[in-house]
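Asks: Given the coordinates of chain A, work out where chain B should sit on it, guided by the hints.
There are 2 protein chains.
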Amino acid sequence: MSDINTHVLPGFMELLPGQQLEFNRIKQIILDEYQRFGFTPLDTPLVERSEVLLAKAGGETEKQIYRFMKGDNDLSLRFDLTIPLARYVADHFNDLTFPFKRCHIDKVYRGESPQKGRFREFYQCDIDVIGHNELSINYDAEIPCVIYSIFSKLNIGKFTVRLNNRKILAGLMNHLCLSEKASDVLRIIDKMEKISREELNQELSKLGLTEDKITKLLQFTSISGNAEKAIESLKDFDIDDTQYIEGVNELDQVTKLMKTMGVDANHFAVDLSIARGLDYYTGTVYETILDEHPNIGSICSGGRYDNLASFYTNEKLPGVGISIGLTRLFYQLNEIGLIDKQAKTIASVLVMPFGNEQIEIGFKIANAIREFGINTDILLDEMTVKKRFQYADRLGVKFVVVIGDDEIKSGNFIIQNMITGDKISLTFDDIASFLKNNIK
Amino acid sequence: MSDINTHVLPGFMELLPGQQLEFNRIKQIILDEYQRFGFTPLDTPLVERSEVLLAKAGGETEKQIYRFMKGDNDLSLRFDLTIPLARYVADHFNDLTFPFKRCHIDKVYRGESPQKGRFREFYQCDIDVIGHNELSINYDAEIPCVIYSIFSKLNIGKFTVRLNNRKILAGLMNHLCLSEKASDVLRIIDKMEKISREELNQELSKLGLTEDKITKLLQFTSISGNAEKAIESLKDFDIDDTQYIEGVNELDQVTKLMKTMGVDANHFAVDLSIARGLDYYTGTVYETILDEHPNIGSICSGGRYDNLASFYTNEKLPGVGISIGLTRLFYQLNEIGLIDKQAKTIASVLVMPFGNEQIEIGFKIANAIREFGINTDILLDEMTVKKRFQYADRLGVKFVVVIGDDEIKSGNFIIQNMITGDKISLTFDDIASFLKNNIK
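Residue numbers (numbering that gives the first Met the number 0), protein chains in the order written: chain A, 0 to 439; chain B, 0 to 439.
Same shape as in the complex, but just chain A (with noise of 0.2 Å):
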């Protein structure tokens, strides 16, 4: 042995099998749900051209990527999956039917300096809608409803799901002759949760806008809550700006149709505070919060484009998607108290032959119960029976099935409940559909 060290590299995330059961079950609802709204998985490689990755990145994303030659090829590790997607729409551009709806949860990375909570590899579950020439703006809505089903399974807590639309903060800065300076200001906005208002008014003094003109910003902004109010106190604004009038127009339609694809009224609101990646949405954004973790942040961020992929295609392809960030959600969830230690192994069942002439009748009786589609483990090393209780107990396996001579001898097997300690004995054609009713 060697001094190598084994640790897991910093800002990676690596689970203890317990966790990492949590961990799944959680992946799993996330793809159970975009795959019950229609939404196809798809995988791409991990590896891309830089030059694909780089086409539009630059600044942080550029310091951040993972970059490498092999051979003649310049590859960089892919930091999203949006670009990976642009990428593979406008390659089998031919063969996908639109409008085209995928999901894809994987890996991705960003060389950021390691810190609580952020991760250098993580995972993002992802849905888009993508259309050619035109996408109808009902997508928007059916988002938050996959959104709404999601965390509704979830049950991680009320959450909301905040809305707002690109145009109307546009048209405002139109209005207020700011449209100049308006990724600025809208960089500010986007920080408003996180920064004193003192420290909001000195940073738009900053760049030069009136008090008159920061108030009536910050009296914008702060319209919020409940769509249909904010919706009228919008309107009320009377602000003559074309934009400004279609965002308005299109939130309104897009949170109407939200309750009528069934979105409870108490897990959406509008936000006007919402900017998000300023050159990249268009319309529609949202953002998802946990309303009693507020600080935790965004747990799941999107909103409406106007053209996925104009770097590698001439086909206009507007879309709209969210994004989930598993991993630091994970993290979070886990830190708040909310993800459930129980768990150990995959297993529920242990089998438990005592002995090698008892092994045949252990497989039998574990294949009977794996039919039943319950995961079953089987003991197959020899030891001390405290030792194999001690294992069961370890494992964190709900039931033991005891196969010992004298279970053979009489046809009756001692199933044990490993929480309660409770014993039955069964015939080897009751134990499965016994334990099948006594498994969640």
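Everything labelled a hint here was simulated from the structure, so no lab data went into it. These figures come from a predicted structure and were not determined experimentally.
The list treats identical chains as interchangeable, and a pair is accepted whether it falls inside one copy or across any two copies.
Under the rule of at most 25 Å between Cα atoms (straight-line distance), these lysine-lysine pairs were calculated in the DSS-like manner:
| no. | residue 1 | residue 2 |
| --- | --- | --- |
| 1 | LYS193 | LYS215 |
| 2 | LYS55 | LYS69 |
| 3 | LYS69 | LYS115 |
| 4 | LYS152 | LYS363 |
| 5 | LYS385 | LYS315 |
| 6 | LYS435 | LYS152 |
| 7 | LYS439 | LYS397 |
| 8 | LYS115 | LYS340 |
| 9 | LYS363 | LYS255 |
| 10 | LYS422 | LYS435 |
| 11 | LYS157 | LYS363 |
| 12 | LYS386 | LYS315 |
| 13 | LYS408 | LYS258 |
| 14 | LYS258 | LYS363 |
| 15 | LYS385 | LYS422 |
Replies: Okay, now just chain B, sitting in the frame of chain A:
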């Protein structure tokens, strides 16, 4: 648009939605079976410290590895799932329960020269059982039970799990006074099926083997087929070498136990020409072939090893495991026409509201169908009737639910079977259960 190359990198697999669905279906069957046998799924980073990956490697591996610097860190992409497992077990030793059973299905990277059916990014599907200090040989028999179960479910034709034991080969080398040349001889034997008898003779002669020894060796490695008979033949050789005897006894035990555990004797065979990984495996070794497509080679291989993590820890960790190279397998199944090309979307049903007023009831119907576990898409773009059905057809959904004015007025909705063209008129309450009964 620039002239960026959007094609997937050579040696990387990227699938269209329909093929991706088939790929995922196979992957899910493998994962389900692994879990059903109590192998807990693990996930480790794709990026490791180069010192970890290269502790043992050398030669080809080192040349093929994707290695790069990020800041001061010398990093590499993993080229298998075994080394990460070794590091994981060494690092988390105190938190694991032994025997430790884990499965891991994910991508690995090898920068091989791209050629037909060889991939630089590919999925491995691994299971391993790791003991602490010792691990019963019973687990050597459980592993082929899992293989048997998976390939029975995959329904890709008759297959055979071939077994050997490295101790038998090592003992034979001893007996023939070839121990010093053993690894060269075994390397040639491993190629046996790929080269002619004449070439085999030549290569062995070059190593300095007498004709007598070559004959004995070939006689020996030609033993194959029915386990009982093969083991009889092995005993008949009457070789008085401790390792040889141990190996034959182990092979005897493992094959007997496999029968006990319910593996159909038509699906496994002893094959003494299997050597596999010369310095890694120490006992039982496995390969799996499709009987009707032997030229594909082994589709699932593995074996027993004495010590998993000697480079990372002083704990002795014997284990046994196998790996399915899924990307290569999928490619080959596709080549021989065993991959279904029907599926194109994850959704079985497309709900089709004609107009915005129909969306509310459309969404209610879609959600009711989803409640039955059926993946359901809803068309939210405005299109002509013709285009709508073209879309449904290209998507490849099985059923379309039509929602127009007439349907809402009458309360009866048309369900169209997209394969047969049959139509049926049903009330809201009957749609979901009808679809459930008519989708496999």
